[in-house]
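Asker: Chains as they are written, first to last, in the numbering used here: chain H, 13 to 392; chain D, 13 to 392.
No wet-lab data here; the hints were simulated from the structure.
Please read all numbers here as calculations on a predicted model, not as lab measurements.
There could be a bad hint or two in this list.
You can't tell identical chains apart in this list, so a pair holds if it fits in one copy or across any two.
Straight-line Cα separation of at most 20 Å, SDA-like style, residue types lysine to any residue; simulated pairs [what the hints assert, rightly or not]:
no.: 1; residue 1: Lys-307; residue 2: Asp-86
no.: 2; residue 1: Lys-144; residue 2: Glu-125
no.: 3; residue 1: Lys-390; residue 2: Glu-376
no.: 4; residue 1: Lys-26; residue 2: Phe-139
no.: 5; residue 1: Lys-209; residue 2: Leu-133
no.: 6; residue 1: Lys-130; residue 2: Thr-338
no.: 7; residue 1: Lys-192; residue 2: Met-13
no.: 8; residue 1: Lys-96; residue 2: Thr-313
no.: 9; residue 1: Lys-175; residue 2: Lys-209
no.: 10; residue 1: Lys-307; residue 2: Gln-90
no.: 11; residue 1: Lys-304; residue 2: Arg-82
2 protein chains.
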Amino acid sequence: MEPAVTYHLKHVDKHTGARLGELVTPHGTFPTPMFMPVGTLASVKTMAPEELDEMGAGVILANTYHLWLRPGEDIVEQAGGLHKFMNWDKGILTDSGGFQVFSLAELRDIQEEGVHFKNHLDGSKMFLSPEKAIAIENALGPDIMMSFDECPPFFESYDYVAKSVARTSRWAERGLKAHKNPDWQALFGIVQGAGFKDLRQQSARDLVSLDFPGYSIGGLSVGESKEEMNHVLEFTTLLLPEHKPRYLMGVGSPDALIDGAMRGIDMFDCVLPTRIARNGTTMTSNGRVVIKNAKYARDFTPLDPNCNCYTCRNYTRAYIRHLIHTDEAFGIRLTSYHNLYFLLHLMQQVREAIANDQLLDFREAFFEQYGYNKPDAKSF
Amino acid sequence: MEPAVTYHLKHVDKHTGARLGELVTPHGTFPTPMFMPVGTLASVKTMAPEELDEMGAGVILANTYHLWLRPGEDIVEQAGGLHKFMNWDKGILTDSGGFQVFSLAELRDIQEEGVHFKNHLDGSKMFLSPEKAIAIENALGPDIMMSFDECPPFFESYDYVAKSVARTSRWAERGLKAHKNPDWQALFGIVQGAGFKDLRQQSARDLVSLDFPGYSIGGLSVGESKEEMNHVLEFTTLLLPEHKPRYLMGVGSPDALIDGAMRGIDMFDCVLPTRIARNGTTMTSNGRVVIKNAKYARDFTPLDPNCNCYTCRNYTRAYIRHLIHTDEAFGIRLTSYHNLYFLLHLMQQVREAIANDQLLDFREAFFEQYGYNKPDAKSF
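Using the sequences and the hints, build the whole thing.
Answerer: This is the structure in structure tokens:
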């Protein structure tokens, strides 16, 4: 059987491991490396689907844990699946809910069978297992689904992570068996193992033997340094098959996107662009602009003079600052639009650089202009 | 000198006083009767200018008091005026700030010279006079500006209202003298007088003698009954010149829009459609739908089956309910869009009915379908 999504490798950058490719899904094809906007509750916060399409998003995320709780996967299924429910006809990827159970829920009890926990909304007791997670994802109906995994803290003990990785592999196999729609939904396995090379190797070996149509790398961007993350990526992507897509979960700062692409990552997601937008913080070609600051009150230039997005073509920093300052919802629309466009456009530039074997040069120029080379540079 | 805006009367409904016409402004012409969306802080809450244009809004409001406080009229002026500041190239109308001073501010002290008060944001002492209000409106640069008036409570004593009306007339004259841009900004006088016929007559007489390019009717929709409001409108519009536009301030419930049009009103504004939208309440052809209610959780039909707006063409009640229920900002975009479209579309139907001398029939059918004929019907 042909897998539900297929990856086509087009070119590898001569000087790095960066891959130019495309992912063919039941809801369209998108080029890689790609940044995927996050629509946790079946909505990328403040954005209309038409706007995501306009800015070039070929795939977005939704969140299994949150949609399970509200509105319930049965309602989404009854609506005809996530695509119809939210009026988005391009690609959709859902995580397995595992990350949220481990980060949001209370009093979790991890057993071989699954995880007992109290949900973060009303404290009700709930249970999530590989079979249950896959059943929810089957009902939600995304093009790409994630295995139910445990995401241990980066600095957990070797022994704990070893046991966790082994369990995550067993859970991956159970999920694969429970998956009802492999012909139109692609289930990815998630490589864990924290910072331990041999455990990452074990995890990758286990999952590759199960022949998933794609592989995610989890357990990163959870508090470790950029150097540690890049180090793990360097040896982990080498363990994954060349003809399958690789997705680095939860990463969205501009430097990490470029550095991840250089190490052979094809897909990224993060709430960063929309989350910081709600607080009046934006990413521009010249680095971070905290647009809510008073110093922009009389700045009648665009947010980013080098940006061609809806926000930058039509509005000034002074107007956006005014809207954010007065809690006007349209201000957050404008900063969210810009931040998402910025990362999607960055990935477009990354793809062009790979095609021309110039990713290292692009990285150097981008880092310099964004301010990453300054002392005490922030990540975004 | 030609006034900055001119009104053209096209047809009067045979059976009522309803007028079909158009208002020509420096930023385009719009048909009347018209409902004007309110963009208090230079943004119609959650909406993009393109969306307002798409739904047929030819003119919107902005608020002098709020923009004076934030960002300050000097910043808007430096931006090139409200149109450029907020990226809206159709008509803009600003009130004078009087209503907010009387409804929001604390410790106000009304003198002949003007009003001393403490602002509602930080309690600073401020002073607003006819000259100051007009100077702010000149700086903001709308097409239509309002005189600085006092809006007394509807059930104030005759003596108080008589003195207030006389002062509002003197303030109107002072504002007219202070107005610097009559060639491109039309200043309207505001008829006050609460429910007293002779005071409304006095107010109208005073203002008409000053030959304003348009007249507003203020002091209504402030707690009096619909019958009282309609009664005041009946004798007040008769006092105003036929060839000038008439604007009923602060009215936006569907019944009041139709009843106002029947009494010769050309323009209306109200925060109602966007305010109730934020709370998950919508207006539909079959009456009020509180979309956040649990009973819509599995309703996969459009919000209003008879509506052709963006929201109703693309989304279900179940999805909108989910978004409102989970505090997703896009839900409020969808309900705001629909409610604004609903009122703009209602006015389009009103205009068609006037053109065909069928406004009474339209009113009857609309009231029946909306539910206004039911016992204990709500206003929206």
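Asker: Could you work out which earlier hints the structure fails to respect and list their numbers in ascending sequence?
Answerer: Result: hints 4 and 5 break, sorted rising.
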